[in-house]
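Protein chains: 2
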Amino acid sequence: MAKVQKAFGSRLRELRQEQCLTQEGLAHLAGLNRTYIGDIERGEKNITLESMDKLARALGINLRDFFDWEY
Amino acid sequence: MAKVQKAFGSRLRELRQEQCLTQEGLAHLAGLNRTYIGDIERGEKNITLESMDKLARALGINLRDFFDWEY
Numbered sequence: 001m002a003k004v005q006k007a008f009g010s011r012l013r014e015l016r017q018e019q020c021l022t023q024e025g026l027a028h029l030a031g032l033n034r035t036y037i038g039d040i041e042r043g044e045k046n047i048t049l050e051s052m053d054k055l056a057r058a059l060g061i062n063l064r065d066f067f068d069w070e071y
Numbered sequence: 001m002a003k004v005q006k007a008f009g010s011r012l013r014e015l016r017q018e019q020c021l022t023q024e025g026l027a028h029l030a031g032l033n034r035t036y037i038g039d040i041e042r043g044e045k046n047i048t049l050e051s052m053d054k055l056a057r058a059l060g061i062n063l064r065d066f067f068d069w070e071y
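Read top to bottom, the protein sequences are chains A and B.
The first sequence begins at 1 in UniProt numbering and counts up by one.
The second sequence begins at 1 in UniProt numbering and counts up by one.
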């Protein structure tokens, strides 16, 4: 499991929980599958740019905000 | 071709050229295939987080820097 995947997953979880969204709620907003969200948050998936874009739009954030982390 | 792919491709080309690197040079530094770099820059590939991480390391930048754009 790549370190960057783990870091991104933790950041996504943080951003999702800040908005009091469930994985299901975020999946619905982003047009993605709930299990995919869970896999990403556990660092088990190598997310693509398009999925990141969908998640950023669903969260109402800029793609850059995903990477405001110490990594 | 997704808009976000096109935007990322242009940004990657900009960052690469700022460092006077050829596609071949960047591919070598990042451990990626040169044709893959060309495809990404033309917006023809849906790049993954791990490839972004390899490119950021090769360019000596933070992942966040890829997304300092008006998109």
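Hint data in this document are derived by calculation from the structure and do not stem from the laboratory.
Heads up, a few of these hints could be off.
A pair counts as met if it fits within one copy or between any two copies, since identical chains are not told apart.
[Said to hold, decoys possible] In silico lysine to aspartate or glutamate, DMTMM-like type, Cα no more than 20 angstroms apart, as pairs:
1. 54 to 70
2. 3 to 24
3. 3 to 39
4. 3 to 18
5. 6 to 68
Using 20 angstroms as the alpha-carbon threshold, which applies to residue 54 and residue 70: within, between, both, or neither?
-> Between copies, since 17 angstroms is at most 20 angstroms while 23 angstroms is not.
From the Cα coordinates, with 20 angstroms as the cut-off, is the pair residue 3 and residue 18 best called within, between, both, or neither?
-> neither (23 angstroms within a copy, 28 angstroms between copies)
Are the CA atoms of residue 3 and residue 24 at most 20 angstroms apart within a copy, between copies, both, or neither?
-> Neither: 25 angstroms inside a chain and 26 angstroms across chains, both beyond 20 angstroms.
Tell me, please, which holds for residue 6 and residue 68 at an alpha-carbon limit of 20 angstroms: within, between, both or neither?
-> Within one copy, since 14 angstroms is at most 20 angstroms while 23 angstroms is not.
For residue 3 vs residue 39, is the C-alpha pair at or below 20 angstroms within one copy, between two copies, both, or neither?
-> Classified as within; 14 angstroms inside a copy, 25 angstroms across copies.
Going through the hint list in order, the structure does not satisfy hints 2, 4.
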